[in-house]
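The sequence shown begins at 244 in our numbering and counts up by one.
Worth flagging that the hints you see were computed from the coordinates, not collected in a lab.
Since this is a predicted model, take the numbers as computed values, not measurements.
C-beta: ideal position from N, C-alpha, C; glycine also.
Any given hint could be a false lead.
What the hints assert, rightly or not - Derived CB-CB ranges, DEER-like:
1. D336 x V449: 36 to 42 Å
2. I366 x P339: 38 to 44 Å
3. D421 x P339: 20 to 26 Å
4. C303 x H404: 24 to 30 Å
5. I363 x T321: 41 to 47 Å
6. Q417 x I299: 38 to 44 Å
7. P339 x P360: 29 to 35 Å
8. G406 x I441: 30 to 36 Å
9. T340 x V367: 39 to 45 Å
10. F298 x P339: 34 to 40 Å
11. A438 x R368: 25 to 31 Å
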Amino acid sequence: MDSTKSSAETAINVPDEPNATKNKSGRAAFAVTTKATPLPQPQGRWNRGVSIFDFILRICALVAALAATATMGTTDQTLPFFTQFFQFQASYDDLPTFTFFVVANAIASGYLVLSLPFSIVAIVRPHVVGIKLLLLILDTVVMAFTTAAAAAAAAIVYLAHNGNSNTNWLAICQQFTDFCQRVSGAVVASFIAAAIFIFLVVLSAVALRRN
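Work out the full structure, taking the sequences as your base and the hints as a guide.
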């Protein structure tokens with residue numbers, strides 16, 4: 244009786260071993276596939292956050308460029324005198340540098356408006372590289388254009404405030420105070436737009452580098 248019981252127990256215990264090995268092998272395979280699966284969520288969140296920040300910066304640059312264009316384009320002052328036939332007038336279009344300033348900031352404003360849909364696409368599809376590369380190239384061109392216009396206008400504003408005794412250029416801001424205040428504010432707004440463009444270029448380059 245004891246021998247039959249022992250043989251029955253061994254017969255029952257023998258088929259359990261392959262099942263145990265199957266379970267162990269199945270668990271090991273599952274663990275390997277779990278470790279090998281990539282987790283792209285943090286990278287996607289970072290790209291989307293950068294794209295959202297890029298969109299906000301473009302709106303800020305648009306406001307600054309529009310302010311510079313509108314302020315300079317509407318700058319005009321006439322000094323009051325006793326007769327209407329003899330008057331001193333200062334307008335932005337009297338100087339080609341200020342005209343170039345208005346045109347450059349108007350172009351920058353138009354470009355920023357057109358770039359907003361592309362920035363929205365970059366938010367929806369943060370892994371797209373072509374749109375970011377296109378914006379990086381165009382941002383660099385418009386940044387140089389805006390910086391050149393702001394620097395040239397700043398030189399004229401400096402002469403208007405301080406003059407130049409070597410060339411007998413008078414400081415007209417002593418008379419045209421309102422004119423000088425408006426053109427100075429326009430130049431500051433343009434430099435703000437140029438600084439935002441620089442930050443946009445750096446941000447786009449870092450985003451492309453991480454992709």
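Checked hints:
For D336 paired with V449, a C-beta distance near 41 Å keeps the hint of 36 to 42 Å intact. Separated by about 40 Å at the C-beta atoms, I366 and P339 satisfy the suggested range of 38 to 44 Å. For the pair D421 and P339, the beta carbons lie near 22 Å from each other, so the given range of 20 to 26 Å is met. Distance hint check: the CB atoms of C303 and H404 are about 28 Å apart, consistent with the given range 24 to 30 Å.
For the hinted restraint 41 to 47 Å between I363 and T321, the CB-CB distance of approximately 45 Å keeps it satisfied. For Q417 paired with I299, a C-beta distance near 41 Å keeps the hint of 38 to 44 Å intact. Checked against the hint of 29 to 35 Å, the pair P339 and P360 passes, with Cβ atoms roughly 34 Å apart. At roughly 31 Å, the beta carbons of G406 and I441 sit within the given window of 30 to 36 Å.
With their beta carbons about 41 Å apart, T340 and V367 fall inside the hinted range of 39 to 45 Å. In this structure the supplied range 34 to 40 Å holds for F298 paired with P339, their Cβ-Cβ distance being about 35 Å. In this structure, A438 and R368 meet the distance hint of 25 to 31 Å, their C-beta atoms being roughly 28 Å apart.
Violated hints for the displayed structure: none, as all numbered hints are satisfied.
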